[in-house]
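These protein sequence lines are chains A and B, in that order.
Mapping to the numbering used here: the first sequence position 58 is 58, numbers consecutive.
Mapping to the numbering used here: the second sequence position 238 is 238, numbers consecutive.
Wrong hints could be hidden among the right ones.
[Unchecked claim] Distance condition first, Cα-Cα at most 20 Å in a straight line; then the derived EDC-like pairs of lysine to aspartate or glutamate:
hint: 1; chain 1: B; residue 1: Lys755; chain 2: A; residue 2: Asp12
hint: 2; chain 1: B; residue 1: Lys366; chain 2: B; residue 2: Asp350
hint: 3; chain 1: B; residue 1: Lys39; chain 2: B; residue 2: Glu69
hint: 4; chain 1: B; residue 1: Lys755; chain 2: B; residue 2: Asp711
hint: 5; chain 1: B; residue 1: Lys788; chain 2: B; residue 2: Glu828
hint: 6; chain 1: B; residue 1: Lys439; chain 2: B; residue 2: Glu460
hint: 7; chain 1: B; residue 1: Lys667; chain 2: A; residue 2: Asp12
hint: 8; chain 1: B; residue 1: Lys667; chain 2: A; residue 2: Asp16
hint: 9; chain 1: B; residue 1: Lys439; chain 2: B; residue 2: Asp422
hint: 10; chain 1: B; residue 1: Lys755; chain 2: A; residue 2: Asp36
By construction, these hints were calculated from the structure, which means they are not laboratory data.
None of the values given here were measured: they were computed from a predicted structure.
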Amino acid sequence: MLLAENDLEFLDLVADTLERLGAQVVRARSGGELQDEISAGGPFDLVVTDVSMPQRTGLEVMSAARAAGLTCPIVVMMASRDRTTAARAAALGDHVAVLYKPFSIAQLRAAMRACVAGPMRATATTA
Amino acid sequence: MIALTTELSGNRRLEQLYEISKLFASFDVAKHTLDAALKVIADKLPLESAILIEAVIGGQTDMVVWPCEGSDPARLTSAKSHAAGAYAYLVGAPSFTALDADTELREQLGPTPLPAPLRGGGVPDDARRFIVLPLVVGGGAVFGALQLEGASPLDRSDLEFVNAIANQLAIALDRNRAWRYDVLRRREAQRLEAKYETLVDHLDYAFVWEANAETRQVTYVSAQFERMLGFRRQWCLDELDWWSAHVHPDDREQLLSTFERAVAEPGNKRCEHRCVASDGSLRWLRTSIHLVGAGGEPPVLQGVSFDITAARAAQEQVHEQLAFMRTMASTLAEGTLAFDLDHQITFINDAGAALLGCSPGETLGKRSASVVRIETVDGAAVESPLAVAIHSGRVRSEDHMIIRADRRRFPASYTATAIRRDGKVTGAVLTFDDISERKHAEHTEHFLLGAGTLLNASLESAAAASAAAAVGVPRLGDVCLLDLVSTDDHLLYATAAHVDPAAQRDLARSLGAVPRLPVFAAAAAEVVATGRAIQLAIVSDAACSAADLPILRALGIHSALIVPLTLGVRRLGALTFCMTGEHRHRDGDLALAEELARRCALAIEHARLYEQARHAVAMREQTLAIVSHDLRSPLATIVMAASILGSDELTRTSPPSSIVVAEKIQKAAARMERMIEDLLDFASIEAGRLSMTARPHAVAAIIEQVIADFDATAIRHQVTLTGGAAADVPAIQCDRDRILQVIANLVGNALRILKPGGSVALHATLGDREAVFSVVDNGPGIAIADQKRLFDRYWRSPDAGYKGHGLGLAIARGLVEAHRGRIWVESEPGRGATFCFTVPLAESPPGRPEPLDPLRTQRR
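Construct all of the structure, not just a fragment, from the sequences and the given hints.
And the structure:
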């Protein structure tokens, strides 16, 4: 899977934990790196991405990827509660879950399972 | 008759004539003498009757009839009638026709008397029985007639005898006439005098008097004198000069001069004077005097004196009332005019004359229409309020104009009221006032009210400015320019309005091309600087620069009124009202322009404040969104780490290093703490209440401190950190911790952005009375477009390079500006960035604390 997050503390914490749980995690620290990994790396079973990142936002990269034919499930992590951003996340299509920061590791795993399983489901979270 | 003739011989006839002549010589009382004379004749002649007719004064005739004894009354009547007819014939009365001249007799009697004795021509029996003889002397007029009726026909000798008697009689009567008529006249005069005296004695309010014209001694006074003045008549007659003694001293001169005038000139002379009555009271007399008695008699003054005391008192009262009324009316500020039913002016007070521009004297008696007319504001005719008042009692208006004789007009309030006397309308009174000022104030009020509505219609700054320029057009100017003071204290042209919409577009273009009209720019700047309005009279060529002239000429501007836009002590700008063509500024325009400017200033300031408030609200919302977002980032780490530590599954399968996870929680919490600190700092800066203690501090020490603080971090990031201060940089006046905070922010950003192998250099050099700090990195640099906004709060570059969480650089700027320094960035993309800021030098060496003004931050 691919994990994109510009807060390096958070990126490392989540990636380490997911790896400990058995996942193979590729780390991206900006929108640019996310773009690079999607076009050059992979294929990924799952993309977990923050929205607000330097260079390009997670949503911009994923919208372009979806348009280019990427079909893998996507978990979108958002710090803001902005409805427009949420709507754009939903516009990514099926197999998309939205997670509102902050969230627990259990909520992350539930969202990952949900978006792999079914059509879009936004998982609202509060710690 | 033959017997008679024979009986009377010539001698006897002469005797008889002599006898009669004696009678006539002692002629005394006409009737008595005539009776005697006729008796003598009747003795000598056989007479039936004798009738004498004599003309008396006033065309009347006296008739003396002597009938013989036992004569027939009818016959006597017939004789009287015959005598009257004969006399009328003799004096030439045309109606008399019954007589026929006896030509024979007339020839024998000679030339005198002219008319011959006549014989009645009625009945043949009586044919020769009447002899009528005229009474005439010399060549004078016939003044009577003697008719004798014979008892039998009279012969020729009888006729001669009778003729002689008639001549004697005529002479006697004529000699006596003057004496007899004088008596008559005197009797008549006595009768009239008695009647006159009775009359004058019964006059209620007048007495009549006579006085010697030379001595003024009273010779006669009528009875009323006693009743009127209480003096005895005799006393008056006894005094030498009663009038002088009893006239009121103040009136003596006037009365005596009236006496003198009566003596000197013909006609009645009159005066009104007071007289002291016997009881000491004063009576008002109107005395008329005239001179009588010409022709030898000593001249006499006749006079009549009327008591006019009561009338005079009434008149005094009326005068007093009138004087009171006039004084009242004169003191009224309102104009007052009275008219009679012919619309002639009977009264005007001073205020009225002043308002109508005429003098009271020349106005009285004129017809109202020639002095004052009334019409509507639009010049339409209005029914005369006097006419309306006369038929309806009262009329009132405040909407009309009064037109003066000189054609000037003014808005007036007036009331016309009918004057009634004994229930009858006798005229009308018009009271009026010039309400120009009130109307003007009303118009001004309306104008300002309308302006206020227009100005308050928009809360947009631009719209408020446009409204401010437009509201004064065209009332205060055909063109209006608006200049506003910018945030950096420059007076800048904002907008303009022109009375003509087409010209408005041209104006916008020409003013858009040229920043503004230079001549008015200087004046506007002066107005803003002093806060006092300027009136530029006719703009002469000399007062204009070459650049102005074409614009002024094109717009036709010749004068301008420039007023400041003031709000309390703040000057927001200036309004320039320009007049073109025939238009001129009027008295009062300046005050009105200033009042309008105050309202414009308020409207512009309102719009500004509103925009600021709206901006502030938007900023707050944005701030909240960003702050909540940014705070969630470390929070996300904390929540995630905590959930990992508490996860059974992870703890069972592959437990993470709880120390590592706990460290992450601590770091994230510290980040949150810093962010909260920053927020509070920023809020303080924004609110202008940042607490700082400024003291002189050595620059080198500050730089050393920063390098020491960041040394470990630089090593961890594999970045070279160097720095130092130039030797000539003296101490700066600052809050050390705050300046450290600024430098730490800049250095921290650089360390974060740099890739391993990068370098950061921190230096301080001497500027113009300030130290210049610079933080130079060799990182990616900053896009030109982003450089300006870099220091804005919460501004986020898409690259999100040189900033932590959006507040760092904004706080740095706030802190630097609080020290009255500046901060900026110089960068080229790909070539690193240099952040610079300045801090003022300390005026005293370091170590001596010095109080600093409460620091203020500038807002934007």
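Going through the hints against the structure:
1. As the CA atoms of B/Lys755 and A/Asp12 are separated by approximately 19 Å, the hinted pair is consistent with the 20 Å bound.
2. A threshold of 20 Å between alpha carbons decides the hint, and for B/Lys366 with B/Asp350 the separation of about 16 Å falls inside it, so the pair holds.
3. Between B/Lys39 and B/Glu69, the direct Cα distance comes to roughly 11 Å. Compliance with the 20 Å bound is thereby established for this hinted pair.
4. Distance hint between B/Lys755 and B/Asp711 is fulfilled; the C-alpha atoms sit about 16 Å from each other, no more than 20 Å.
5. Note on B/Lys788 and B/Glu828: the hinted pairing holds, with a Cα-Cα distance of about 13 Å set against a maximum of 20 Å.
6. Restraint check for B/Lys439 and B/Glu460: the C-alpha separation of about 34 Å exceeds 20 Å, so the hint is violated.
7. For a cut-off of 20 Å, the pair hint linking B/Lys667 to A/Asp12 stands: about 13 Å separates their Cα positions.
8. Restraint check: the Cα-Cα separation between B/Lys667 and A/Asp16 comes to about 17 Å, which is no more than 20 Å; the hinted pair holds.
9. The straight-line distance between the Cα atoms of B/Lys439 and B/Asp422 is roughly 39 Å, outside the 20 Å bound, and the hint therefore fails.
10. Pair hint B/Lys755 plus A/Asp36 holds up; C-alpha atoms about 19 Å apart against a cutoff of 20 Å.
In the structure shown, a violation is registered for the earlier hints numbered 6, 9, in ascending order.
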